[in-house]
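Knowing the structure of chain A, use the given hints to seat chain B on it.
Residues per chain are reported as follows:
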Amino acid sequence: MAVLVAAVLVLLGGSLGYVLHAQQRGGGHRAVAADASFTLDGPGVYYRDAASGRVARRGGPADGPSCERFYAAGDRALCLRALPGTPARTEAVVYDRRFTVLRTVTVPGIPNRARVSASGQLLSWTTFAVGDSYAVSGFSTRTSILDLRTGYLVKSIETLPLTVDGARYHAADVNYWGVTFAADDNRFYATVSTGGRTHLVEGDLKAWSARTLRENVECPSLSPDGTRIAFKKKVSADPAAPWRLYVLDLADLREHPLAEPHSVDDQAAWLDDRTLAYALPAGEGGPGSDLWSVPADGTGAPTLLAPGASSPAAVLTPRG
Amino acid sequence: MYLATTGRGSDAPPRPTGVGRRVPGTVLALGAVSLVTDVSSEMVTAVLPLYLVLGLGLSPLQFGFLDGMFNGATALVRLLGGRLADRGDGRHKAVAGAGYLLSALSRLGLLLAGGAAGGIAAALAADRLGKGVRTAPRDAMISLSAPPEALGRAFGVHRAMDTTGALIGPLVAFAVLWATADAYDAVFVVSFATGLLGVLVLALFVPGRTGRPVPAPVPVPVPVPAPAPARVARPARPTARRALADPVFRRVVAAAALLGAATIGDSFLYLLLQRRLDLPPEYFPLLPLGAAACYLLLAVPAGRIADRTGRRTPFLYGHGALLAAYLVLLAPPGWATAGLVLVLLGVFYAATDGVLMALAGPVLPPERRAGGLAVLQTGQALARLVGAAGFGAAWTWWGARPALAVAALALAAGLAAAWRILPEGKTS
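Chains as they are written, first to last, in this note's numbering: chain A, 1 to 320; chain B, 1 to 428.
Chain A extracted, bound-state conformation (with noise of 0.2 Å):
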């Protein structure tokens, strides 16, 4: 018995005194807002700043609010934060030019992609959802819509009415994710994934319903001017590599490859109808991301846009 107490003694002490270490410090990122000289309105290109989760316009300091996952457009910002604690939960928070918060919408889950239509009327956002589902090793993912235009959001967009190759489709294990807005602010693309399968799928938000037009299409990005998509393809079954940034041309569906020979597991971001932007994981396997950029017709080299940097957003100037 004076063994276990002993035992328990210097466990208790030595658990505590490491929280007590933790706690010294600190343990991750706390919520901290942006700076009041911080804006939307010098155009540019915005990205996370890995080192004070802070969001930061490249070239000029990390002075933004912290968020996981940031996109911007229009005259609008949106900003993902995981709130601490368990179960895991996502706040979703939507700032104007200049940063004040226009609402804030908290969903269960991981953030996971965040994304503003051009207009900055529609945003949309993803969380990895883990503990409710029902594959042992699978996840889920919740992607919701938010129409500023009218306040109206759609918490999941799992219910919307899904067609896959011409045949309405029900499933379980429907899941959406990375959604990329349209110009006219009604359509959208979006991956949709289902019996171990994944699809681009385009959704129609007046008509609400979607189908799929291509498969092994993730985490779409409709170019500037509306005829491309840039997308992750699974290329291999290594999981340790196991996509390569394509684009699409809506025209005529066909596909090609990028000059990135990495394995790109992000949503890429449009800087302009020719360059896209997007995360890399930091060299020789390190924590956090850098940002690079390609050609998007598949000609050139990638560049480093932005060492430790992830969740790259072009941000055009104000409109009239």
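Don't take each hint at face value.
[What the hints assert, rightly or not] To give a feel for the contact side, a few chain A residues facing chain B, derived at Cβ under 8 Å: (1) Pro87; (2) Ala88; (3) Ala171.
Don't read these hints as lab results, they were simulated from the structure.
Beta carbons: idealized from backbone N, C-alpha and C, even for Gly.
Structure of chain B alone, referenced to chain A:
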């Protein structure tokens, strides 16, 4: 403790003094080990996805891969653990202890791995290995240390303590994350310390040689428990084949596997519940908690009933409760639907999980018990995997409601068949 006082039910038929009234110390000690260990392991389970995806930036696919990588292997490891444990009387504790220790050390592995995926995979593998190895020897020790006529309650007490730990674990993890602003390493350290404590309780309070009960109404003739070294040294033959050669045990395994294949898996049940009631997803994590709480409350009473009526009846009625849960989900949803389904699921687990071990234990001779229980558990687990996969496919083909209706029919048919197959275990 309240465990002892619950034994004073005046309606209980008179029993020989000292037998059946109190749960043996070994069972309580093993229950304490399971409780502490489950706090340790559920802490990690609760934060692992957060840590891997948010902390390390792994993609969901990589996480799924890491998480699922070793699930198939545990079935085989379990058989191995059972077989090793049967190689002599003292081996149960040694094999189970090695399993607990391996799982505790795996937390240290998570801590030391830093962000390296290979190190994390190795740590997770060690945890699964430990879990697989220890289960069968532990259940064999429980069944060997309690008198056969009180086995139901012994397993009930153990499972209740086990579930208590599983409910506490996520709370501790939450508290640590909250106190340290999401320092995952602190969770691993606390989990490691708790895991070591579990190993220590096992080492100090679980006797190395299981005090075998006087061979009471055990069906198979058991040699007088003289530890004969000659038997111990005998090269072990394949346990699975030998255990399955026994016709009574074969019928237990067949019934368990048959019913297992007719279950659709808890996650599907929760998913159906959520869809039918349109529950907000925020409440989703609470559903398993509700079922676990019912299981926790009912495990001991169900075990006692099993001891009184024989284990066959609760086991079959327990699956009847599961069937009732399917039917409730098929009926138009009402305000009581969620509560009813969770209670029925709790009843199902309380009346079947430990009860099956209590039923099968006495059928197996002590020197082959761990191996035999491993065969039974593995068979049931594999059958459930098949059942869940089949239900997933049926859902995709026919939609949720028709699939559930088919599952209910299958379970009813399975029950009818098991009614004929399943032996009493005690008397047969």
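Here's how the hints hold up against the structure:
no. : hint   : in the structure
1   : Pro87  : holds (4 Å)
2   : Ala88  : holds (5 Å)
3   : Ala171 : holds (4 Å)
In summary, this structure violates none of the numbered hints.
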